[in-house]
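Number of protein chains: 2
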Amino acid sequence: MISRKQERCIALKIAYDGTGFHGFQRQPRLRTIQGTLEETLKNLGGIHVPVQGAGRTDAGVHARGQVIAFPVTEWPVPAGRTAIALNGALPPEISVLAAAEAPLGFHPRFDALHKTYQYTVFRRAARCPLRRLYALHERAPLNLCLMREAAADLTGEHDFSAFQNTGRPVDSAIRVIKAVLIEEEDLFLHFWITANGFLYQMVRIIVGTLLEIGRGRLDAAVVREALETGRRGLLGPTAPAHGLCLERVTYKERIFVE
Amino acid sequence: MISRKQERCIALKIAYDGTGFHGFQRQPRLRTIQGTLEETLKNLGGIHVPVQGAGRTDAGVHARGQVIAFPVTEWPVPAGRTAIALNGALPPEISVLAAAEAPLGFHPRFDALHKTYQYTVFRRAARCPLRRLYALHERAPLNLCLMREAAADLTGEHDFSAFQNTGRPVDSAIRVIKAVLIEEEDLFLHFWITANGFLYQMVRIIVGTLLEIGRGRLDAAVVREALETGRRGLLGPTAPAHGLCLERVTYKERIFVE
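Chains as they are written, first to last, in my numbering: chain C, 1 to 258; chain E, 259 to 516.
Because the hints were derived from the structure by calculation, they are not lab data. It is possible that some hints are incorrect.
To be verified - Residues from chain E shown here face chain C by an in silico Cβ test under 10 Å; the list is partial:
(1) Tyr-274
(2) Gly-318
(3) Arg-322
(4) Ala-398
Claimed, not checked - Among chain E residues calculated to face chain C with C-beta under 10 Å, some are:
(5) Pro-334
(6) Pro-349
(7) Pro-387
Don't be surprised by glycine CBs; every beta carbon is placed ideally from N, CA and C.
Construct the entire structure; sequences and hints are all you get.
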């Protein structure tokens with residue numbers, strides 16, 4: 001039994017197709033993931049509920065394992081039933097995968113130990129219309145060996161000042177990358193990047209740089225040089241948003257029973 | 259060298275996302291695959307070129323291996339360069355995968371030995387937003403054993419009168435199904451169906467019926483009974499279009515060098 005006045009926190013694991021959204025973060029008059037979740041919760045419960053997310057994904061970026069949380073006081077509905085109600089009311093681009101009662105004060109971003117993003121590249125001369133919204137199309141042959149060499153330089157604790165775009169200033173650019181894996185699967189190339197935090201567009205700059213190295217247009221040594229000098233200009237372009245997907249968020253204690 | 263007046267036939271293997279189209283076949287004032295191809299060819303070459311396809315896919319049905327062909331007389335461009343020009347001019351939902359000069363009089367549908375369709379089902383309690391346009395979402399547990407038993411009854415030469423919807427009358431409903439394979443891949447179920455020809459919505463009726471059998475709502479014996487009696491009413495509903503994809507068309511002689 002959940003009493004009406006008790007303060008609680010509900011955490012949800014969600015997936016979404018970011019194609020039709022202006023990113024995660026609420027923005028006036030624009031369709032965003034956070035805005036859509038808050039609106040839907042308001043329609044269901046009658047009151048505004050502020051939603052926090054683990055990753056502030058950009059416009060066009062997808063998620064298969066985003067974690068969100070919101071405090072509730074006037075909401076006498078268990079987390080599991082909240083998920084079912086939400087799934088019935090959300091647009092088809094957003095789906096709740098799991099729900100849990102989280103400790104009071106739980107914050108999906110600040111409490112995360114690390115996050116894993118996947119970036120997908122489709123490698124063939126001809127475009128694939130069925131994956132065009134979820135994978136970057138790449139025609140050029142790629143030297144995976146050089147790309148993996150450069151990727152290895154990224155792992156560990158570094159000042160990633162060079163690996164951010166302007167637009168979201170931070171106090172410190174020091175982050176720990178746990179792993180950068182480059183996986184081949186038929187015509188696809190998957191970049192799996194896990195870190196304790198990401199700077200603004202950091203994954204897309206990493207992928208854009210590794211692709212330039214693979215194409216032979218940048219030297220693999222630019223990664224080390226950029227880590228040392230902090231110069232964004234040494235690196236490749238920011239890879240397009242639609243290849244990127246937030247896959248997993250890990251916490252000290254398991255939040256969801258699956 | 260291709261002379262200006264020589265009559266030729268160009269065959270193309272194409273892929274498309276059928277989501278935003280009213281099916282393959284040209285229809286006045288509606289966006290269709292055939293209509294879009296003919297318009298694009300007209301924009302490129304200045305004259306109307308009638309396009310034939312191997313499969314007249316319904317609205318919302320996709321293709322990864324549709325074959326189309328068109329005769330050309332005033333088109334002094336080799337097939338390979340036609341493909342490149344088309345890929346530059348077609349909308350992102352359609353892509354040319356391969357091109358070839360075909361024998362004069364080649365017809366992609368009448369000359370096909372058999373066609374293979376794939377139908378994809380996504381099995382999990384929660385919807386998958388990233389596959390929602392390309393896979394049917396199915397929550398119920400499915401008895402694959404019973405489904406495979408019923409699928410086996412479909413193979414071979416039969417009168418498939420029961421396995422068609424009204425709307426595209428045919429002289430004979432006798433077809434040969436070469437194989438119905440049900441393949442599991444993580445959370446996906448793939449139906450692979452190969453036949454020398456398909457009646458109107460035949461694949462979707464087969465899948466809709468096999469799913470009803472898997473859910474325990476229809477007896478596996480209905481397949482045999484429907485083949486014997488020709489009664490559509492014995493079978494399950496027509497499965498939704500968006501799970502279906504035309505994968506391959508096979509000819510006596512290989513058309514495309516890949």
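Hint-by-hint comparison with the structure:
The restraint placing Tyr-274 (chain E) at the interface with chain C holds, with a minimum CB-CB distance near 5 Å, inside the 10 Å limit. With its C-beta approaching chain C no nearer than about 13 Å, Gly-318 (chain E) sits outside the 10 Å limit, and its interface hint is violated. Proximity of Arg-322 (chain E) to chain C holds as hinted, the smallest CB-CB distance being about 7 Å (cut-off 10 Å). Nearest Cβ of chain C to the Cβ of Ala-398 (chain E): about 16 Å, over the 10 Å cut. The hint is violated.
Proximity of Pro-334 (chain E) to chain C is violated relative to the hint, the smallest CB-CB distance being about 24 Å (cut-off 10 Å). Checking Pro-349 (chain E) against chain C by beta carbon gives a least distance of about 9 Å; that is within 10 Å, so the hint holds. Using the Cβ-Cβ criterion of 10 Å, the hint placing Pro-387 (chain E) at the interface with chain C is satisfied: the shortest such distance is roughly 4 Å.
Hint violations for this structure: numbers 2, 4, 5, all remaining hints satisfied.
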